[in-house]
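> Letter by letter, the chains look like this.
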Amino acid sequence: MLFLEAAPASAPTIDEAILWAIMLCPLVAWGLIAIYVRKIPVAAGYLAILGVGAACVLSYVTLFNVMDADGGIAIHSHEWFSAGDLVVNLGVRVDGLTAVMLVVVTTVAFLVQVYSTGYMQGDAGYGRYFAHMCLFTVSMLGLVLADNLFQMFIFWELVGLCSYLLIGFWFHKPSAAAAAKKAFIVTRIGDLGLLAALLLVWTRAGTFDVTAIQEWATSGEPEGYIVTLFALGLFAGAAGKSAQFPLHVWLPDAMEGPTPVSALIHAATMVAAGVYLVARFFPVFEASHDAAQFVAWIGAITALVAATIALVQTDVKRVLAYSTISQLGYMMLALGTFGYVAAIFHLFTHAFFKALLFLGSGSVNHATNTFDMRQMGGLKKYMPVTYWTFIIGSLSLAGIFPLAGFWSKDEILLDAWRHDRALWAIGLSVAFMTAFYMFRAIFLTFHGEYKGGQPVDHHDEDSHFHGDPAHPHESPWAMKGPLIVLSVPAIAAGWLAYDHLFKDFIEAALPHAESHGSTFEIGIAISSSVVAVAGIGAAWAVYMKRWVTSESIRATFAPFAIIFENKYYLDRIYEDLFVRTIFHRGWNALLQANDRYVVDGIVNGSGRLAREASSRLRVIQTGQVQSYGLGIVAGVIIIAVAVITANPL
Amino acid sequence: MELSLLVFLPAAAAGVILLLPRSMEQHSRWVALGVSVAMLALSIQMFFAFDLNKDGYQYVVDKKWVEIGQFELRYILGVDGLSMPLLLLTTCLTVVSVLVSFSITLRPRAYFASLLILASSVVGVFVALDFMLFFLFWELELFPMYLLISVWGSGRKEYSAMKFVLYTIAGSAFMLIGILVLAFAGDTFDIRLLSAEGRIADPLIPLGWVFFFLFVGFAVKLPIVPLHTWLPDAHGDAPTAVSVMLAGVLLKMGGYGLIRMCVTMMPDVAQDWDVWFAAIGAISVLYGAFLTLRQTDLKRLIAYSSVSHMGLVLLGIGALGNTGLVGATYQMLAHGLVTGLMFVMVGLLYERTHTREIARLGGLARQMPLIASGMVFAGFASLGLPALAGFIGEITVFLGTFQKYEWAVLMSIFGVVLSAGYILWMLQRVVFGPVKHEWDGVTDQRHWWEHTVVIGLVALVVLLGVYPDLMTEMIEPAIDSIVLRIEA
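Protein chains in written order, with my numbering: chain V, 147 to 795; chain Y, 627 to 1114.
Honestly, the hints are just simulated from the structure, not real lab data. Ideal placement from N, C-alpha and C gives every residue a C-beta, glycine not left out. Each hint should be verified, as a subset may be incorrect.
Calculated Cβ distances over 10 Å to all of chain Y for the following chain V residues [what the hints assert, rightly or not]:
1. Val174
2. Phe299
3. Arg334
4. Leu338
5. Val395
6. Phe440
7. Gly598
8. Pro657
9. Ala701
Quick list of in silico lysine to aspartate or glutamate cross-link-like pairs, EDC-like style, CA-CA up to 20 Å [unchecked claim]:
10. V:Lys597 x V:Glu758
11. V:Lys319 x Y:Asp1066
12. V:Lys626 x V:Asp614
13. V:Lys713 x V:Asp518
14. Y:Lys783 x Y:Glu983
15. Y:Lys1030 x Y:Asp894
16. Y:Lys1030 x Y:Glu983
17. Y:Lys680 x Y:Glu628
18. Y:Lys783 x V:Asp746
19. V:Lys319 x Y:Glu977
20. V:Lys319 x V:Asp746
21. V:Lys527 x V:Asp603
22. Y:Lys1030 x V:Asp603
23. Y:Lys1030 x V:Glu369
24. V:Lys526 x V:Glu595
25. V:Lys526 x V:Asp603
26. Y:Lys783 x V:Glu758
27. V:Lys526 x V:Glu620
Some residues of chain V that are not near chain Y, with every Cβ distance over 12 Å (derived) [as the list claims (entries may be wrong)]:
28. Tyr192
29. Thr364
30. Gln439
31. Ile630
32. Ile668
33. Ala684
34. Asp717
35. Gln738
36. Val745
37. Gly747
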């Protein structure tokens, strides 16, 4: 066992076996479900909860252990395989960052699984669902535990696979099948960058090891542009998975999956992967200011673009989806402005309140059979638990003091302020929009008159909806429970900012223990609070009091509204113009014509010869098996005789 | 002795099958199965008994065979770390192709006899250490292939079979010239001697031409762009088992020949040429992938994806370094298993729906969940998902080649996105989407042999994906000695 003490202070003493077990528990659950699911589907849910629950407990054990060591680093690495000069290791690394991610992933995954036992009740694919969810958790855990880039890449791709399987869970729906494909392909375009970065770092630095790469990038030994290219490659991968502009288009479509899947994707697994990757290689971005600048601006653009689209969505889940993209933009913005702590802190708090909001929207769907806010309204009195927890999540997301989102968003805005006022201004305007669209969603969904939901289509054999949308009801405890549990961290997770608790813990994972941004400044806090309250107030004025109707606003800003409603036409440009027209009908068709008429044309020049030859050969082709058989036997005998007479064996 | 058995046992069994009376023709499949399983068992035993610490060839048989003038053709068989895994792949896929043919009713005796003779000849190619013997096996393979495609195939089967044969023969003609020149210059047909340093002196024609001739012979088989158009035709019209053998092992003969003959015997020329290897490899990867996206027939789709995947083999060889060559070899193994599985799945699908037209299929995940799962698995294996075999081959080739030919690798990695595109596009249209009532009757309902084949191949693809050392430990020493020869 190789034991590297990267941090001389003190390394976590946690046993290596426990770290592997965190990954193995859900993996075993997956294996058992995959084998036995067809016989006992009911057991699948319990097995999944057990597996992920065990991983969750072990993650907390790990967290406390790392806290005892003041956030030190422990690495356990083993050789996996070699091919010539290439040596690939398999290992686990645990430090403050890993520990926090483990806790976030397993906690959210656990609660989502519990919730799913209620939400997915009666679905034909119940067992398959839990198997995929377990595998999803395993992939994400493998990613955060990995001690080298190669291993990260492996789990990175597996995360992509699981998202494909879960987004396309209801595969008979063409929209779900298309969304799954889109998610995989769009993220894979980003993965090209990650793959190129992997190749580059192996060729230049000769290692995949995280610590060694961090040292290599900061040593000043490689040329600056190499580090920048490496950083940009990593970021390309991260931009795919974390839905950064212009690769964000897959995330809203990913709504086609079951809602708990969305909660997992948006909070703890898939989209967190990209932010985690950049944070993990944060020193590389520090070493390349160009790359960091790029990250910051892409983050800001993403935050802005997504927030503007969220303003005009009518589907509650899509509002949440665009808000996720927007918040991810915040995190990237923070990383680009060297706000390592702020980014991870926001990832941490966001995981809880976003999971809460998604599960809340699932609960609403459970009652109304729709996600369309125009068919809802007035649900407050039917679903009090869902309503109040949804309020908590929204306030937290909007950044209202003293909820979790307030603290983390504030740190991001502070880092932006210090770095570049323009970035800060974008961040602040996004904060306004965030508050506005969230409370727009709340007023449309829970207030006013109930509009009846979506009638159940009894011909759809795949629908497992078994309530009456005309008479909405509160969800069962399996679903309410996780909502209530999640609202605790949605309120309080931000308080870890107290006395730099979170900051010191997370920073210990970096090679240089210099300070990465301060944590609080009253001016920033006041400005962002004012903006958030203003956003809520504006939503209240438009959607509750109707002092100004949304239609008149839309009419005033018509060109913008149309652009937002069409999602900046990105899907059209990608799919219709690029993929269908230029690529499929243009370039590929051209190559195919070349293949058929030029390449094969030349062949068929001699092909005509071939046909003549075949017409002559037809003479011996009598069509009688016996004659063929004779030929075969004769051939075998000739060879055998030749060999044996030449020299007996 | 073991190797002689592996080469001649299936041929002998073919003779036995042909002598079976008509009333017993349905038993020919059992004979074929018995023999192929025996071959597999034997090769597994050899694989594990292979001494990893010993240099050079093992299980060598070296006998005098015939003398022609000053030349002595010898009967030499042997395997090293390069050919042993390929041999194992061949025996594995032979069992697979016998099993997937289990329900065949048209002239089963001739069919299974041809299949076994095919196995004989491919095994022969991988184990022959006399260049002329190698060539004989290389040519022998054409005969059963021709019969198998033109008799048991579908569509324009005669055309495709003839195209396949003529293409290979044209390549072989070049190859024969190369072989003869090398043998004259080295005064032997013994591959071991020809590979030794300084053995080839004063060739009749410049060594560059010799290299080119051999390259053409092997490149047709691989195949490379633009010598690839026989492959989609042959695959499209061949029966399932033949597609499995063709994609699984026959293409590998080309890659094997390139490494064993071209690179090892003429390393100096190879170093002048490697940039072309990289370029043609990268072009094949992209060209194959672009064309795959335009295919409407499942089998032609897989055929074009094979062109793309085999381009990586050439790219890896072009690196002329140990990582690249190990990667190329691994890629051959992985592609053999993954594409074999892919063809098996399409074969099962075809048996039930009688169409391979992507546009006609759809929503099959409902009617045949198991076959659909198999297709999804094979698809992801084919697009290089980590923890499955294809990924290791791909990434090793990339890592091994990047230092030398950055541009070629940067071109090739676009194949990664394109492969995701064509695989997922195919899955979406074939297994997902709304149920089509046209296929209401079809079911998964399966025979034990189908079960066995699919589970076996899936297990192997996973095994090679998570435990690469199983193969690389064996491949490495053989490649190391080749690299030593290159660097000398």
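> Of the hints stated earlier, which fail here?
2, 3, 4, 10, 16, 19, 20, 21, 22, 25, 35, 36 and 37
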